[in-house]
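A.B. asks: Note that the protein sequences, when read in sequence, are chains E and Y. Residue 693 in this note's numbering sits at position 97 of the first sequence, and the numbers go up by one each step. Residue 274 in this note's numbering sits at position 283 of the second sequence, and the numbers go up by one each step.
It should be emphasised that the hints constitute simulated quantities derived from the structure, not laboratory data. There's no promise every hint is true.
[As the list claims (entries may be wrong)] If you want the footprint, here are the derived chain Y segments under chain E, 3+ residues with CB under 8 Å: (1) 167 to 181; (2) 279 to 286.
[Unchecked claim] Listed next, with one range per pair, are the computed distances between beta-carbon atoms: (3) Y:Lys317 / E:Trp691: 33 to 41 Å; (4) E:Asn626 / Y:Met315: 56 to 64 Å; (5) E:Asn639 / Y:Ala307: 55 to 63 Å; (6) E:Gln664 / Y:His173: 49 to 57 Å; (7) E:Val747 / Y:Phe186: 25 to 33 Å; (8) Y:Arg284 / E:Asn639: 45 to 53 Å.
Even glycine gets a Cβ: it sits at the ideal position worked out from N, Cα and C.
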Amino acid sequence: MTNKQITLIKTGVFLLALTPFSLLLFRGWNNELGANPIETITNTTGIWTLRFLVITLAITPLRRLTGQAILIRFRRMLGLFTFFYASLHFLTYVWLDQYFDWPFIIEDIAEHPYIIVGFSTFLILLSMAVTSPRFMIRKMGKNWKNLHRLVYLAAFLGATHFIWQVKSDIREPLLYFALFSVLMLLRIPAVRKKTPLLTGWFHSVKV
Amino acid sequence: MLIKRSANIEQLSDIRPSEITSKEVYQSRRRFLQGGAALALGSGLGITSMLATQKISHASSKFSNLIKSPYNTDETLTPYKDVTTYNNFYEFGTSKSSPASMAKNFKAEPWTIAVSGEVEKPLTLDMEDILKHYPMEERIYRLRCVEAWSMVVPWVGFPLASLIKDLKPTSKAKYISFRTLHDAKRMAGQKPTLFGSGLDWPYREGLRMDEAMNPLAILAVGLYGEVLPNQNGAPIRLIVPWKYGFKSIKSIVSIEFTENQPETTWAMLAPKEYGFYANVNPEVDHPRWSQSRERRLGEFRKRKTLMFNGYAEQVAGMYKDLDMKKFF
């Protein structure tokens, strides 16, 4: 695959990853966010944060399973999109939902565990986003890997943040716990050795 | 407003299912009644001419001649579209938008309510008779959900106290308990699922007798002057505006008078989070989120939640001896 092709695919993935955001803007513009638009925006950006976290965490196991090394070249971008949606989610909370009422926000964060958990998730993603440029990887050396391992914690904190505010229907949050668990399992050396590789299916694609 | 009624509610129990009027006849009769010849037919149940003019026409599903209530708020009404598309009605799915679509084909007619427990005579009420019997009022109330959003809804209904008086509960009746229809064939949200949506059907709610007799408590059969849409709890639901929305049980099929405090759905599911009283109280937070403020649908900034949802004047007296932190 030529560099030009990769750039083309990357652009496509970039635009695709922006679609949930674009759709949200489009619906907002057309007044189609329902009776409680702020809630719709909060829920949409929250759920896409979790979805991008799933997609990003799926890259490494998928690369191994399929033998497609090219996949890794999308990982940082997808990770940054996770952070992008998390930022929108956080911004929705402090701006649209609380309207920068800092005393109340601080009280809310301090008193309500699901908000603490959500905020911690955001801080982890923030620290990863800040350290994502190449020069930071070089500069941080071993520490970089340690810091970025926190993504596994972020995944479970994110799913906890979700399940903790549901009133009774926990099916959707449980799905994210299940997906994250599978993605973690695939990383355990003992499991990794036993998972069948699907590289044969992809032999025609040259990287 | 008080209207002397000669109708004896016991008579209602004598109507057997086989005698229920077919929909076609019912509808044509409604139109006929609207035509002004109400008294002649209405006299079968002893309805006064005053009452007979308060008819609903099923052709247009509109109520007419609604009595204005002194309890009405003059706050901006939440648009009809929002009131009917943003619903918590788990019998029709757990998302806000699903009841509007899942309840589309629900048949709320014919409908009966079984009355049992501590009453002089257990009986079955027919929805048709309820509509004919009680003068309907417009009640514009604030509705505050436990999820910290609120709306203003022009309900159509009548005081729960009027019905209770007619049902003649015994002196042992200390509580009134309600149940929603439990029929997964008609309410798809009640179908069992692998993890479940967590509610123990049928949905049940209850009030202390003095709460039920409070003039603010109504049974609603409509909103915005129209017959209650299915997703809002057709054909008949409770409205207790000083309590969180989940107390206002929908699609009621049974009323039971009890001596002991009845079990209520959300308190059964999470007793630490939802109590029997569920009075709107900005000072007592839900364990997981704040109740001090709320978002009025259609407004950008949150507003302060009022004690008893702004109905303290009418209801605070009932709770003066109650520890509201303990009995939330």
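A.B. asks: For a quick check of understanding: which of the numbered hints are violated here, in increasing order?
C.D. replies: 1, 4, 5, 8
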